[in-house]
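K.L.:
As they're listed, the protein sequences go chains A and Z.
Its first residue numbered 1, the first sequence is counted upward by one per residue in our numbering.
Its first residue numbered 1, the second sequence is counted upward by one per residue in our numbering.
I should point out that these hints are in silico values taken from the structure, not numbers from a laboratory.
The beta-carbon is built from N, C-alpha and C at its ideal position, and this holds for glycine as well.
One or more hints might be untrue.
[Stated by the list, open to error] If the Cβ cut is set under 8 Å, some of the chain Z residues that face chain A in the computed set are:
no., residue
1, I201
2, T222
3, L305
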Amino acid sequence: MDALCKPILRLDGVSKRFGGVVAADSTTFSVFPGRVHGLIGPNGAGKSTLMNLISGIYTPDSGTIYFDERDIGKVPSHDRARMGIGRTFQTPRFLQRSNIRDNLLLGADLGSGYGYAASYFGKKVTGFEAYLERLLAIAGFSFAWEDDISSLPYGQRKLLEIVRSLLSNPRVMLVDEPAAGLNNREIENAMALLDFAAKEKNIGILLIEHSMDMIMNICKDIVVINFGKVIAAGNPAEIQSNEDVIVAYLGRNLDA
Amino acid sequence: MSEKNNSNQKIIVDLKDTSISAISIFKIVAITAAFIAFAVYTPKFTNAYSMMILNISLINFIAALGLSVMLGMGGQLSFAAVSFMGTGAYFVANLTNGRLGVAWEPVPVLVGAVLFSAVFAYICGSILFRLSGTYFTFATIGLVQVTWSVYLNYRPLCGGPDGVSGIPVIRFFGMSPRDYHDWFYVLLIFVLLAGFLVERIRRTRLGRSLASVRDNEIAAQTLGVNIYKTKVIAFTVAGALSGLAGGLYAMHNQFISSDIFTFDMATTYVIMAMLGGVNNTVGVFVGALLVTMLPEWLRPIQRYLKLTYGVGIIFLMIFMPMGLAGLGNMILKKFFRRKKGQKETLLTDEDETGGEV
Numbered sequence: 001m002d003a004l005c006k007p008i009l010r011l012d013g014v015s016k017r018f019g020g021v022v023a024a025d026s027t028t029f030s031v032f033p034g035r036v037h038g039l040i041g042p043n044g045a046g047k048s049t050l051m052n053l054i055s056g057i058y059t060p061d062s063g064t065i066y067f068d069e070r071d072i073g074k075v076p077s078h079d080r081a082r083m084g085i086g087r088t089f090q091t092p093r094f095l096q097r098s099n100i101r102d103n104l105l106l107g108a109d110l111g112s113g114y115g116y117a118a119s120y121f122g123k124k125v126t127g128f129e130a131y132l133e134r135l136l137a138i139a140g141f142s143f144a145w146e147d148d149i150s151s152l153p154y155g156q157r158k159l160l161e162i163v164r165s166l167l168s169n170p171r172v173m174l175v176d177e178p179a180a181g182l183n184n185r186e187i188e189n190a191m192a193l194l195d196f197a198a199k200e201k202n203i204g205i206l207l208i209e210h211s212m213d214m215i216m217n218i219c220k221d222i223v224v225i226n227f228g229k230v231i232a233a234g235n236p237a238e239i240q241s242n243e244d245v246i247v248a249y250l251g252r253n254l255d256a
Numbered sequence: 001m002s003e004k005n006n007s008n009q010k011i012i013v014d015l016k017d018t019s020i021s022a023i024s025i026f027k028i029v030a031i032t033a034a035f036i037a038f039a040v041y042t043p044k045f046t047n048a049y050s051m052m053i054l055n056i057s058l059i060n061f062i063a064a065l066g067l068s069v070m071l072g073m074g075g076q077l078s079f080a081a082v083s084f085m086g087t088g089a090y091f092v093a094n095l096t097n098g099r100l101g102v103a104w105e106p107v108p109v110l111v112g113a114v115l116f117s118a119v120f121a122y123i124c125g126s127i128l129f130r131l132s133g134t135y136f137t138f139a140t141i142g143l144v145q146v147t148w149s150v151y152l153n154y155r156p157l158c159g160g161p162d163g164v165s166g167i168p169v170i171r172f173f174g175m176s177p178r179d180y181h182d183w184f185y186v187l188l189i190f191v192l193l194a195g196f197l198v199e200r201i202r203r204t205r206l207g208r209s210l211a212s213v214r215d216n217e218i219a220a221q222t223l224g225v226n227i228y229k230t231k232v233i234a235f236t237v238a239g240a241l242s243g244l245a246g247g248l249y250a251m252h253n254q255f256i257s258s259d260i261f262t263f264d265m266a267t268t269y270v271i272m273a274m275l276g277g278v279n280n281t282v283g284v285f286v287g288a289l290l291v292t293m294l295p296e297w298l299r300p301i302q303r304y305l306k307l308t309y310g311v312g313i314i315f316l317m318i319f320m321p322m323g324l325a326g327l328g329n330m331i332l333k334k335f336f337r338r339k340k341g342q343k344e345t346l347l348t349d350e351d352e353t354g355g356e357v
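For reference, chain A alone in the conformation it holds in the complex (with noise of 0.2 Å):
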């Protein structure tokens, strides 16, 4: 990592239990802005949970999370959200009763960081048409304005979703499984997405993803967490040698 970049984000010793169980075990990693962060590990290692102290569902009972070198564990999630942490969920969150404008509309609210008020007295939201248009082209799908949301097929709402979140112009953005679910062509617009995100946009991605095809192809970055612990982290080479990380996805040879 080049000493020039400063993070975007930073977690230092950050734990959260949940009753017995260890969530997070003073996890301590950096996101660096235009950069493809894989954040790997066994399922129920915590990957989530981290996802989730970041955007301040949960609160970490240790630790400290900085933004901008700025810590923000006092920050309640919507205003890290307005601060540039977006993220997008394992099941697509929309609002399933409103179309497709409105869903995407709210990335761009967001992004316009007008008041109700200014919104409400005739602030348009300038400019993201083409930008949604040119996300569109990268996503490879495209949509009637006034649709509902769940017209749109599973794989398109999890690559919409991260649209949207583009249209609020994160500065960080999380990213929980964007391939599960996505057939072939789908997981490479995904890709796709999330290589504009970082290499135009500067965003400073973390990638939860159990596709390894995915995380080696566009990762700089890679740390491993099990059991709420970081047990490696490195570039994608680093990580496929590491002892470690081998025994944790496919257990220990009783043998050796």
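Knowing the structure of chain A, use the given hints to seat chain Z on it.
P.N.:
Same frame as chain A, now just chain Z:
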């Protein structure tokens, strides 16, 4: 991984705000026509008494609209409409009829009543939304009981059980409605005003944020929506609308008492909103009209009125949970299916193998 050239993709239909689909055009034309017909023809076939009931239903619509903002847009069930109708009504009554030594011009007082109710609603909302969901709803029932007993018992401002009478009617530039037929047109102006103001909410950030609070609180938070603040603002807007309705009621009936600010009335407003379709302005209008007029129409079976009413509500909830508007939308969508068929062919030329994960 690179940006692909999707030349076979149809690019999004039209992203401008002005894009209006066939359904919307049909709706707008039909609603405008129906409203004009309603405004022009109803007074011709209505006697003074029925006109009064009809006017009350227009006032009820404005109050129920507040509920539509709360429950329809934001998913928060509140019974507090009558509390803020009360503040609006007593505000107007006290400052226009001279019992406190002042008899100000009705229109500015009405504006004051709306602002006063909004402030009161803001304070109540800030406290009540410390609770969420059902607990909030129960707390609003408490609020209704508190305000009702104040309206019933506090003589200096609310006249006690006798109520307040002798309230002057509204006056614009020296002109006042002479009878209930005149009032009908005055109230229609307020109905249109309130309807457009609320429809505007739906199309701006507040409406979308409320929808996100209703449908998915976690998504709302990650999209920067302050859930608490958004709910309080909706409560304030609803309070302002109720205050307007209360003020108009006071001027229209020229007499108010605590009887109309009871929990029983509070449930009636919820039923109006539910019957019409809680997230639909036109639906709420029809709901307010039906629920207010129904006791009149069912007069021949008056003895069984409450029974019919109760059974009707149960059936309504079973067969039309989205109200009349939901039913209307369903029928409209069936008529306009063709467009959907086109879209399906567009999607099937992609490989839908489901992926390997």
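K.L.:
For every hint, state whether the structure bears it out.
P.N.:
Here's how the hints hold up against the structure:
1. I201: Holds, because the Cβ-Cβ distance from Z/I201 to chain A comes to roughly 7 Å (cut-off 8 Å).
2. T222: Holds - the Cβ of Z/T222 comes within 8 Å of chain A, reaching about 5 Å at its closest.
3. L305: Because about 34 Å separates Z/L305 from the closest Cβ in chain A, which is outside the 8 Å limit, the hint is violated.
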